[in-house]
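A.B. asks: Let the sequences and hints guide you as you build the complete structure.
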Amino acid sequence: MNENFDIYEVFSQKNQSSSFAHQFSLLAPNAEIALVMARENFLRRDQCINIWVVKRDQIHMTSPEERGNLERLDNKSYRETKGYGDLQARWRKHKEAYESKQQPNVREAGER
Amino acid sequence: MQAEMNQSGLTQTISAETINDQQSDKMEAFLSRIDRGERIEADDWMPDDYRQQLIKLITMHGISEIMGALPEKEWVPKAPTLRRKLAIMAKVQDEMGHGQLLLRVAEDLMAPLGKSREDIMQDLFTGRLKFHNVFHMEAPTWADAGVIGWLVDGAAIITQTMSLDSSYAPYGRALQRICAEEKFHAQHGESIVLELAEGTDAQRQMLQEAITRWWPSLLMFFGPPENGGITSNQQLNMRYKIRTQTNEELRQAFLTKYVPRIFHLGFTLPDETIHFDEESKMWVYQQPNWEEFKQIVKGNGPRSAHRLNLREMSYEETKWVRDAILAYGRKVG
Numbered sequence: 038m039n040e041n042f043d044i045y046e047v048f049s050q051k052n053q054s055s056s057f058a059h060q061f062s063l064l065a066p067n068a069e070i071a072l073v074m075a076r077e078n079f080l081r082r083d084q085c086i087n088i089w090v091v092k093r094d095q096i097h098m099t100s101p102e103e104r105g106n107l108e109r110l111d112n113k114s115y116r117e118t119k120g121y122g123d124l125q126a127r128w129r130k131h132k133e134a135y136e137s138k139q140q141p142n143v144r145e146a147g148e149r
Numbered sequence: 022m023q024a025e026m027n028q029s030g031l032t033q034t035i036s037a038e039t040i041n042d043q044q045s046d047k048m049e050a051f052l053s054r055i056d057r058g059e060r061i062e063a064d065d066w067m068p069d070d071y072r073q074q075l076i077k078l079i080t081m082h083g084i085s086e087i088m089g090a091l092p093e094k095e096w097v098p099k100a101p102t103l104r105r106k107l108a109i110m111a112k113v114q115d116e117m118g119h120g121q122l123l124l125r126v127a128e129d130l131m132a133p134l135g136k137s138r139e140d141i142m143q144d145l146f147t148g149r150l151k152f153h154n155v156f157h158m159e160a161p162t163w164a165d166a167g168v169i170g171w172l173v174d175g176a177a178i179i180t181q182t183m184s185l186d187s188s189y190a191p192y193g194r195a196l197q198r199i200c201a202e203e204k205f206h207a208q209h210g211e212s213i214v215l216e217l218a219e220g221t222d223a224q225r226q227m228l229q230e231a232i233t234r235w236w237p238s239l240l241m242f243f244g245p246p247e248n249g250g251i252t253s254n255q256q257l258n259m260r261y262k263i264r265t266q267t268n269e270e271l272r273q274a275f276l277t278k279y280v281p282r283i284f285h286l287g288f289t290l291p292d293e294t295i296h297f298d299e300e301s302k303m304w305v306y307q308q309p310n311w312e313e314f315k316q317i318v319k320g321n322g323p324r325s326a327h328r329l330n331l332r333e334m335s336y337e338e339t340k341w342v343r344d345a346i347l348a349y350g351r352k353v354g
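So the sequence lines, in the order shown, correspond to chains A and B.
When you line the first sequence up against our numbering, it's residues 38 to 149, in that order.
When you line the second sequence up against our numbering, it's residues 22 to 354, in that order.
For the record, the hints were derived by calculation from the structure and aren't laboratory data.
The structure presented is a predicted model; accordingly, all values stated were derived computationally and were not measured.
Check before you lean on any hint, since a few could be wrong.
[Said to hold, decoys possible] Away from chain B, derived, C-beta distances all over 10 Å, residues of chain A:
#1 Q53
#2 F61
#3 N67
#4 V91
#5 N112
#6 G122
#7 E136
#8 Q140
[Claimed, not checked] Computed cross-link-like contacts, DSSO-like style, restricted to lysine-lysine with a CA-CA straight-line distance of at most 27 Å:
#9 B:K94 - A:K92
#10 B:K77 - B:K47
#11 B:K94 - B:K77
#12 B:K204 - A:K51
#13 B:K204 - A:K92
Just so it is clear, CB atoms sit at the ideal spot from N, CA and C, and this is done for glycine as well.
C.D. replies: Written out as structure tokens, the structure reads:
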């Protein structure tokens with residue numbers, strides 16, 4: 038049967054704010070039937086506003102050997118917000134220094 | 022296994038040993054991935070016995086979902102209310118959907134061996150492929166439909182929750198979808214059971230009879246106890262982290278969850294000895310007849326032949342539909 042039916046990968050979009058997410062795969066003779074089966078097989082309950090089906094052999098993927106190279110090196114903090122965790126404290130220091138300088142003026146203003 | 026290479030005029034022979042070394046390197050890398058808790062994908066290298074174990078487990082699981090729809094399907098036309106009819110229809114449809122998911126996972130594992138869904142179906146019809154003992158049994162009353170949902174699906178949730186952490190990633194992903202729906206099935210069953218338990222004497226008696234009828238099958242569901250000696254089959258599945266708990270551990274979890282509830286409703290079990298032993302923290306219970314279990318899963322259960330015939334008939338009678346959509350599919354691409 039698989040010799041004749043194609044494997045389709047199914048993606049669906051929950052709402053307009055969400056990206057398409059992979060659901061699963063199914064066997065179908067063409068895209069039209071794959072779309073019908075996608076609803077029957079995977080979307081009986083979940084909310085969904087759009088479905089994609091893609092023939093698996095049309096998807097190009099990273100080979101198992103290359104997947105190891107996808108791993109992030111651990112020295113990329115300059116690309117991430119967590120690499121800038123000191124900012125809050127430094128802003129606070131400046132704010133406090135400024136405010137303490139302002140204090141005498143405020144008092145003077147009050148005395149006048 | 023010998024391969025010859027001709028390199029710069031010299032004939033080098035790669036001995037079987039070298040190839041074995043390469044295999045054992047791969048095996049070592051595979052096992053350390055398993056040990057690190059990494060999960061394996063369909064196109065990753067895997068040892069043959071890992072692939073075989075998965076094919077056996079997942080085809081059996083997938084076919085059980087499909088065969089499991091049959092005893093409940095009998096109750097669709099006879100459901101007592103429209104809401105119950107809609108709910109049990111939804112459940113039957115879910116079970117077929119679970120079968121579809123799992124067969125896809127199995128097919129991807131079988132593809133490198135040149136096998137397909139057709140082979141799975143033929144193995145089922147010739148009796149080579151087994152399915153769960155519970156789906157060989159009769160469901161003569163509406164209370165059986167309730168007990169199947171409550172306790173059979175309850176038992177399935179316990180094994181499937183364990184398998185969510187399976188080292189084979191595609192199986193884990195299929196089970197995530199399945200477990201979410203099984204929870205609905207169990208609640209659907211609980212709802213039927215509570216309705217009958219809170220009903221008339223006749224309804225309560227019908228439910229008691231169903232519980233009594235299903236009890237041995239429910240104990241058998243998890244497979245024979247290990248009694249200290251874990252089979253090589255189970256050992257392999259544990260080593261490869263395909264499963265993490267033994268048959269008996271799963272059955273104990275089932276008893277802990279469900280025996281008290283059966284008693285809370287005022288029903289009895291066909292086992293006067295059953296009790297929780299505080300010292301060993303284990304349920305002590307009468308063993309079902311394991312010889313009978315073997316016969317049932319071999320296809321000699323009360324409804325085995327009937328349900329297999331039904332499945333085969335439906336497969337043959339719908340062949341023209343598959344042929345037609347295939348012919349149409351080829352035309353439109």
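A.B. asks: Non-interface claim for N112 (chain A): all C-beta distances to chain B beyond 10 Å?
C.D. replies: holds (22 Å)
A.B. asks: Is the Cβ of F61 (chain A) more than 10 Å away from each Cβ in chain B?
C.D. replies: Per Cβ check, F61 (chain A) is inside 10 Å of chain B; nearest 6 Å; violated.
A.B. asks: Closest CB-CB distance from G122 (chain A) to chain B, is it above 10 Å?
C.D. replies: For G122 (chain A), whose nearest Cβ neighbour in chain B is about 29 Å away, the distance exceeds 10 Å, so it holds.
A.B. asks: Given the hint that K94 (chain B) pairs with K92 (chain A), does the C-alpha gap stay at or below 27 Å?
C.D. replies: violated (33 Å)
A.B. asks: Against the 27 Å threshold, does the CA-CA distance of K94 (chain B) and K77 (chain B) hold or violate the hint?
C.D. replies: With Cα atoms ~26 Å apart, K94 (chain B) and K77 (chain B) stay inside 27 Å; holds.
A.B. asks: Would you assess whether Q53 (chain A), listed as outside the interface, keeps its beta-carbon beyond 10 Å of every beta-carbon in chain B?
C.D. replies: Per Cβ check, Q53 (chain A) is outside 10 Å of chain B; nearest 23 Å; holds.
A.B. asks: Is the claim that N67 (chain A) lies outside the interface with chain B correct, judged by CB distances over 10 Å?
C.D. replies: violated (4 Å)
A.B. asks: Report holds if the minimum CB distance from E136 (chain A) to chain B is greater than 10 Å, and violated otherwise.
C.D. replies: Non-interface label stands for E136 (chain A): nearest chain B Cβ at 51 Å, farther than 10 Å.
A.B. asks: Measure nothing beyond the straight line between the CA atoms of K77 (chain B) and K47 (chain B); if it is 27 Å or shorter, mark the hint as holding.
C.D. replies: holds (23 Å)
A.B. asks: Does K92 (chain A) lie within 27 Å of K204 (chain B) when you go C-alpha to C-alpha?
C.D. replies: Between K204 (chain B) and K92 (chain A) the Cα gap is close to 32 Å, so the pair fails against 27 Å, i.e. violated.
A.B. asks: Please verify whether K204 (chain B) and K51 (chain A) have alpha carbons no more than 27 Å apart.
C.D. replies: holds (22 Å)
A.B. asks: Over 10 Å to the closest beta carbon of chain B is the bar; see if Q140 (chain A) clears it.
C.D. replies: Holds: least Cβ distance 57 Å, greater than 10 Å.
Checked against the numbered hints listed earlier, the structure breaks hints 2, 3, 9 and 13; every other hint is satisfied.
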